[in-house]
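The letter at position 113 of the sequence shown is residue 832 when you use my numbering, and the numbering goes up by one with no holes.
There could be a bad hint or two in this list.
Below are the SDA-like pairs computed for lysine to any residue, each with C-alpha atoms no more than 25 Å apart in a straight line [unchecked claim]:
#: 1; residue 1: 791; residue 2: 763
#: 2; residue 1: 820; residue 2: 768
#: 3; residue 1: 791; residue 2: 757
#: 4; residue 1: 806; residue 2: 850
#: 5; residue 1: 791; residue 2: 735
#: 6; residue 1: 820; residue 2: 857
#: 7; residue 1: 806; residue 2: 744
#: 8; residue 1: 791; residue 2: 840
#: 9; residue 1: 788; residue 2: 851
#: 10; residue 1: 820; residue 2: 780
#: 11; residue 1: 788; residue 2: 754
#: 12; residue 1: 840; residue 2: 798
#: 13; residue 1: 788; residue 2: 856
#: 14; residue 1: 820; residue 2: 771
#: 15; residue 1: 820; residue 2: 796
#: 16; residue 1: 806; residue 2: 793
#: 17; residue 1: 806; residue 2: 754
#: 18; residue 1: 843; residue 2: 811
#: 19; residue 1: 791; residue 2: 742
#: 20; residue 1: 820; residue 2: 846
#: 21; residue 1: 788; residue 2: 833
#: 22; residue 1: 806; residue 2: 755
#: 23; residue 1: 788; residue 2: 742
#: 24; residue 1: 806; residue 2: 832
#: 25; residue 1: 806; residue 2: 817
#: 26; residue 1: 791; residue 2: 770
#: 27; residue 1: 788; residue 2: 848
#: 28; residue 1: 788; residue 2: 847
#: 29; residue 1: 788; residue 2: 747
#: 30; residue 1: 791; residue 2: 843
#: 31; residue 1: 791; residue 2: 722
#: 32; residue 1: 840; residue 2: 811
#: 33; residue 1: 806; residue 2: 833
#: 34; residue 1: 806; residue 2: 790
I should point out that these hints are in silico values taken from the structure, not numbers from a laboratory.
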Amino acid sequence: MLNGPTATGDHCPEGWSFYQYPGPGFQGIGENSAESSYYTWVDQHNTFGLGENIPMSTANLNDGLVALKNGKMILLRVPYPLGFYAKGFDGRIDDPNAGWKGRGLWTTSGDRTPWLMEGGKGSKPRAVHFQLRPDPLAR
720 MLNGPTATGD HCPEGWSFYQ YPGPGFQGIG ENSAESSYYT WVDQHNTFGL GENIPMSTAN
780 LNDGLVALKN GKMILLRVPY PLGFYAKGFD GRIDDPNAGW KGRGLWTTSG DRTPWLMEGG
840 KGSKPRAVHF QLRPDPLAR
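I would like the entire structure built from these sequences, with the hints used as guidance.
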């Protein structure tokens with residue numbers, strides 16, 4: 720129901736929650752983020768390693784992707800080159816028996832002018848593979 724006396728907002732038994740993206744916001748309008756995600760996706764099959772059914776989206780102002788797990792935003796940042804601009808992404812499990820090495824997220828830099836990014840003239844668009852290690856020293 721969108722209007723009338725039965726439009727109470729209680730039609731979704733699970734309810735709704737809003738989560739703020741990481742990053743700076745606009746002044747004078749309270750708690751907010753200026754992040755504007757272009758694409759959202761749900762990792763239904765744990766292709767990245769954070770678990771099943773994890774909502775994720777592009778985080779263009781944060782140079783990467785962002786995932787929502789247990790009510791917390793997790794930033795997956797591409798540290799170099801600066802200005803990474805994802806327009807979409809997908810997950811792949813290439814080898815289910817290889818643990819974290821056999822799975823991951825793939826995305827590309829969607830910038831239409833890659834020569835204006837770090838690296839300058841001659842720079843080309845990049846494909847990026849995100850993988851989540853179980854610990855920093857995992858091999």
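Outcome of the hint check:
1. Note on residue 791 and residue 763: the hinted pairing holds, with a Cα-Cα distance of about 18 Å set against a maximum of 25 Å.
2. Using a Cα cut-off of 25 Å, the hinted pair residue 820 and residue 768 holds, with the two alpha carbons roughly 10 Å apart.
3. Distance check on the hinted pair: residue 791 and residue 757 sit about 20 Å apart at the alpha-carbon level, within 25 Å; holds.
4. The suggested pairing of residue 806 with residue 850 holds, with an alpha-carbon distance near 19 Å, which does not exceed 25 Å.
5. The hinted pair formed by residue 791 and residue 735 meets the criterion: a straight-line CA distance of about 15 Å does not exceed 25 Å.
6. About 10 Å separates the Cα atoms of residue 820 and residue 857, which keeps this hinted pair within 25 Å; it holds.
7. Taking the CA atoms of residue 806 and residue 744, the gap is about 21 Å. The hint holds against a cut of 25 Å.
8. Of the pairs offered as hints, the one joining residue 791 and residue 840 is violated, with about 39 Å between alpha carbons and a cut-off of 25 Å exceeded.
9. A hinted pair counts as satisfied when its Cα atoms are at most 25 Å apart, and residue 788 with residue 851 qualifies at roughly 14 Å.
10. Proximity of residue 820 to residue 780 is assessed by CA-CA distance (about 28 Å); at most 25 Å being required, the pair is judged violated.
11. Using a Cα cut-off of 25 Å, the hinted pair residue 788 and residue 754 holds, with the two alpha carbons roughly 18 Å apart.
12. The straight-line distance between the Cα atoms of residue 840 and residue 798 is roughly 20 Å, inside the 25 Å bound, and the hint therefore holds.
13. This hinted pair checks out: residue 788 and residue 856 have alpha carbons roughly 23 Å apart, not beyond 25 Å.
14. Among the hinted pairs, residue 820 with residue 771 is consistent with the structure: their alpha-carbon atoms are about 17 Å apart, no more than 25 Å.
15. For the proposed pair residue 820 and residue 796, the alpha carbon gap of about 19 Å is at most 25 Å, so the pair holds.
16. For the hint pairing residue 806 with residue 793, the CA-to-CA distance comes to about 18 Å; that is within 25 Å, so the pair holds.
17. For the proposed pair residue 806 and residue 754, the alpha carbon gap of about 14 Å is at most 25 Å, so the pair holds.
18. A distance of roughly 24 Å separates the Cα atoms of residue 843 and residue 811; the hinted pair therefore holds under the 25 Å criterion.
19. Between residue 791 and residue 742 the alpha-carbon distance is near 14 Å, which keeps this suggested pair within the 25 Å criterion.
20. Taken as a hint, the residue 820 and residue 846 pair is honoured in the structure, with Cα atoms around 17 Å apart against an allowance of 25 Å.
21. Restraint check: the Cα-Cα separation between residue 788 and residue 833 comes to about 32 Å, which exceeds 25 Å; the hinted pair is violated.
22. The straight-line distance between the Cα atoms of residue 806 and residue 755 is roughly 11 Å, inside the 25 Å bound, and the hint therefore holds.
23. Of the supplied pair hints, the one linking residue 788 and residue 742 holds, its CA atoms being roughly 17 Å apart against a limit of 25 Å.
24. About 14 Å separates the Cα atoms of residue 806 and residue 832, which keeps this hinted pair within 25 Å; it holds.
25. Note on residue 806 and residue 817: the hinted pairing is violated, with a Cα-Cα distance of about 28 Å set against a maximum of 25 Å.
26. The straight-line distance between the Cα atoms of residue 791 and residue 770 is roughly 14 Å, inside the 25 Å bound, and the hint therefore holds.
27. Pair hint residue 788 plus residue 848 holds up; C-alpha atoms about 20 Å apart against a cutoff of 25 Å.
28. Straight-line distance between C-alpha atoms of residue 788 and residue 847 comes to about 22 Å, which keeps the hinted pair within the 25 Å bound.
29. Simply put, residue 788 and residue 747 have alpha-carbon atoms about 29 Å apart, too far for the 25 Å limit, and the pair is violated.
30. At most 25 Å may separate the alpha-carbon atoms for a hinted pair to count; residue 791 and residue 843 exceed this at roughly 34 Å.
31. The hinted pair formed by residue 791 and residue 722 fails the criterion: a straight-line CA distance of about 33 Å is larger than 25 Å.
32. Between residue 840 and residue 811 the CA atoms are separated by roughly 32 Å; this puts the pair beyond 25 Å, and the hint is violated.
33. At roughly 14 Å between alpha-carbon atoms, residue 806 and residue 833 fall within 25 Å of each other, so this suggested pair holds.
34. A distance of roughly 24 Å separates the Cα atoms of residue 806 and residue 790; the hinted pair therefore holds under the 25 Å criterion.
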